[in-house]
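Knowing the structure of chain A, use the given hints to seat chain B on it.
So the chains spell out like this:
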Amino acid sequence: MHGLDSGRLLLICAAGVVTVCGIAYTAAVGLVDPQIAVAFGVLVAAGELARLTMPGNREVAPIGAAAALGYTLLLDVGGVPAEHSALQVVAVMSAGMILGALPHLAVGRPPQLDAIARRLLSGALLAFAYRPLAPALYDTTGDGKGTWWAVLGVMAVLITAMLAADVVIAALLRAEQVRTAFRVAIRDELRMAAPLGAAVAASGTLLVLASHSMNLAALVVFAAPLLVTQVAFRKYAGIRATYLQTVRALARVTEVGGYVEPGHSRRVSRMSVAIGRELGMAEPELLELEYAALMHDIGQLSLRDPIPGGATVLTDPRTARSIAELGSEVIRKTGVLDRVADIVRHQGDPFGGPEPPPPLASRIIKAANAYDDLVGGSTDRDRAAAALERLRLDGGDEYDPVVVESMAKVIERTGPDNHL
Amino acid sequence: MRELPWPAKIYLVAVVAVAAGLIGRGLIFSEHLGQDEWPTLLVLALLFLVCESVPTLLNVQSAAMSVSFSAALAAVVLVGSVGAALVGATAVLSVRPGLPPHKRLFNGAQFAICGYAAGWVFESLGGHRTIVSDHRFADLLGPFTGAAAVFVPLNFVLFAVMLSLAGQLRTEEVPLRGLAQFFISYLGYATFGLLIAGLWATVQSISAVLVLLPLFIARWAFGQYLAQQRSYDATIAALCQAVETKDYYTRGHCTRVSAASTMIAQEIGMGPERMRAIGYAGMLHDVGKLGVPTKVLQKEGGLTEEELAAIQLHPMRGLEIVRGIDFLDEAFAGIMHHHERQDGRGYPMGLAGDEIPEFARVIAVADAFDSMTSDRAYRKAKSIEEAVAELRKGAGTQFDPDMVGAFIRAVDRRGWDPPGKVAAPKADEVVETVAKDHDDPTSPIEVVSER
Chain A
126 MHGLDSGRLL LICAAGVVTV CGIAYTAAVG LVDPQIAVAF GVLVAAGELA RLTMPGNREV
186 APIGAAAALG YTLLLDVGGV PAEHSALQVV AVMSAGMILG ALPHLAVGRP PQLDAIARRL
246 LSGALLAFAY RPLAPALYDT TGDGKGTWWA VLGVMAVLIT AMLAADVVIA ALLRAEQVRT
306 AFRVAIRDEL RMAAPLGAAV AASGTLLVLA SHSMNLAALV VFAAPLLVTQ VAFRKYAGIR
366 ATYLQTVRAL ARVTEVGGYV EPGHSRRVSR MSVAIGRELG MAEPELLELE YAALMHDIGQ
426 LSLRDPIPGG ATVLTDPRTA RSIAELGSEV IRKTGVLDRV ADIVRHQGDP FGGPEPPPPL
486 ASRIIKAANA YDDLVGGSTD RDRAAAALER LRLDGGDEYD PVVVESMAKV IERTGPDNHL
Chain B
250 MRELPWPAKI YLVAVVAVAA GLIGRGLIFS EHLGQDEWPT LLVLALLFLV CESVPTLLNV
310 QSAAMSVSFS AALAAVVLVG SVGAALVGAT AVLSVRPGLP PHKRLFNGAQ FAICGYAAGW
370 VFESLGGHRT IVSDHRFADL LGPFTGAAAV FVPLNFVLFA VMLSLAGQLR TEEVPLRGLA
430 QFFISYLGYA TFGLLIAGLW ATVQSISAVL VLLPLFIARW AFGQYLAQQR SYDATIAALC
490 QAVETKDYYT RGHCTRVSAA STMIAQEIGM GPERMRAIGY AGMLHDVGKL GVPTKVLQKE
550 GGLTEEELAA IQLHPMRGLE IVRGIDFLDE AFAGIMHHHE RQDGRGYPMG LAGDEIPEFA
610 RVIAVADAFD SMTSDRAYRK AKSIEEAVAE LRKGAGTQFD PDMVGAFIRA VDRRGWDPPG
670 KVAAPKADEV VETVAKDHDD PTSPIEVVSE R
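Same order as they appear, the protein sequences are chains A and B.
Under the numbering used here, residues 126 to 545 are what the first sequence spells out, in order.
Under the numbering used here, residues 250 to 700 are what the second sequence spells out, in order.
For reference, chain A alone in the conformation it holds in the complex (with noise of 0.2 Å):
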């Protein structure tokens, strides 16, 4: 368990105490339309059970959104309108996502706390704006028999309000998280968050509507095109779970061979990456980032032998551009990872030479490779300071001094041993 920072704890404790009024607020006053209620609850539960994990560690729960979305919207139940509050909105959705939870947790795989909080408390946003102006809304349709236009527009309206508020909520946390830039961390969740949450709010409209013309038994099959949604995201999400697994695997072949210290490429891609981040660089980038990291000793299985003790910043200058340039091939052969293969290109190239300056990435790799043959998995921070010196020293010649004051603020947040 990492160990929560202020802002998600923040955000837990307000779900939290969201969902006790919620619960107690119903209880007290009774469920109204309990049936619909239940309905709605099952399909939120189902929802969370079906929950998936996004790349980047994002967990998401794409039709238990889109049912909590559809409860809180609902304005009638095939012509009967629906009379619920929005407290016993809160309460259902956090009975479900709780009861949707628990097979989950069962088997020993607790929800992401501040995740399922994020996700009860822009629902539960959405519900209190919207519920009061349900009844109103409903009288506009005519009964439900004329025109839908102006509940919709209100509809889009709210639902992307809520989705812009939720987008904001997950880049506060993400920056305090990974300690990157706020408006980069926006970019991040909303490239991450536009495609579902399209989806989400469609489906839920579409849930709306569905229980006004037809009836409750038409939940399940309206969930179906969103059914089709989260099974692409899933594929999606896990092949490029494994793709980094594998390319984190494979890395190591080198250490098993002998070629450099053992954890030595983890280190330095957990070091580039922080880097990057420090830098402002934006998920994709880190991503290019961190398959190079870690790759970028791979030119080294093309040498006859392993260097004695690995290659390092002790190796001769040849014999690093040549392993940079066999890396570099072996990459290029995948015929997808181009971008990659120009960072371990230009992984030792030095940053005041004639050429103009190498990509930021290969800076930062080059950087941390140094440190990471200076310090290695040692967590002396004497030694740690000596080898930022040697590495402020070379600053302009052979680093680039903005990435090696980076590296400082990394290193001293997170001591030597750079456990992030």
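Don't read these hints as lab results, they were simulated from the structure.
Quick reminder that beta carbons are idealized off the backbone N, C-alpha and C, glycines included.
Keep in mind that the hints are not guaranteed to be accurate.
What the hints assert, rightly or not - Rough simulated footprint, nothing fancy, chain A against chain B, three-plus residues with beta-carbon under 8 Å: (1) 441-454; (2) 474-484; (3) 490-503.
Structure of chain B alone, referenced to chain A:
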């Protein structure tokens, strides 16, 4: 058009004529299409065109199909048989660059016929356009199911006849599994059509947007998934080849073992998921070899016990490397035990017979076969026949006879492409060669006693 055989041409003309006839008759002789339905028809046709122009990748293996099916069925409900035929006919105009005109024509015509037939069934089962506006959703179900039940098989038959006349269809190439998948996805699309039709009275065209938006996003995500998948396969192959570059003669071994393992897996009827997994296992089976010191591999003559142990450790080393990759799962066992023997004299654990995991028994055969049919520094490659004979000889003692049988059948049917002659390294080129190949069953590694 020219390359079509004449029966296919006649068929094409017939289908187009029937479609044109149906639409023409419907427009002239019946009042099926009221004035107020033209806007709906226009919107549906537009929707159909959009869908038809972006064939989904939701299901890649089967024929290119599209969400347009949902729009066509919605049209059956909303604008009747003639309307549905008209909507279907717009497939002629779809934006699909590179699609030859005769295919477009056929597409449009067959969609029109299917639409008309489905509409006819819908109406004869008591379905009518007013059902939707009256919110009698339950009454819609029966006729709609009938319409979909006609649309799908008719569509399929019209297409299949065309393909078989054009000589592009061989019956044995239609796998049952694919067919089932095809019908299930069409069933799904039918449901989406029902959703669009059911909500039309409330929010008109918005219903189509709401239903199809998640589908298009799913399509996009599937596209991303496939791109990542391809990229992943390429990456894993490139990294495995990088591990092999050190030894001049074993280059390409991993990809060939992967291919041979997949052939065996297919022959013994493994499911697609397991087949993919065994492909990766074959690819990764020797990554641990890098842990064996080069001097051991290059040593001439017998090895000491200790050096042999270093070689025999490589499956464990390989496992250690790939253990972090969750999804491989069953492949782990394949990598770890690919040097076990049926008689229990293999390594690293000395498992025998059925104790050896299935994946490992498959890889063992593929591994030995590729080693024998490749050039080595100390011998030339054997012919496929010789290698097969060696496999037969080892069946029961070293190899699982079932796997050997399966592999031989697969090679007989589909052939095998051996790596070809490896040019002897040039005199001035420094290459690494090994003095022994641990995979080669015909030249077992000798062990010399240290004392």
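Do the hints match the structure? See the list:
Coverage of the region 441-454 of chain B by chain A holds. Counting CB-CB distances below 8 Å, 8 residues qualify, and the rule asks for three or more. For the region 474-484 of chain B, the proposed coverage by chain A is satisfied: 8 residues have a C-beta within less than 8 Å of a C-beta in that chain, meeting the threshold of three. Remark: the region 490-503 of chain B is confirmed as covered by chain A, as 5 of its residues place a Cβ nearer than 8 Å to a Cβ of that chain, reaching the required three.
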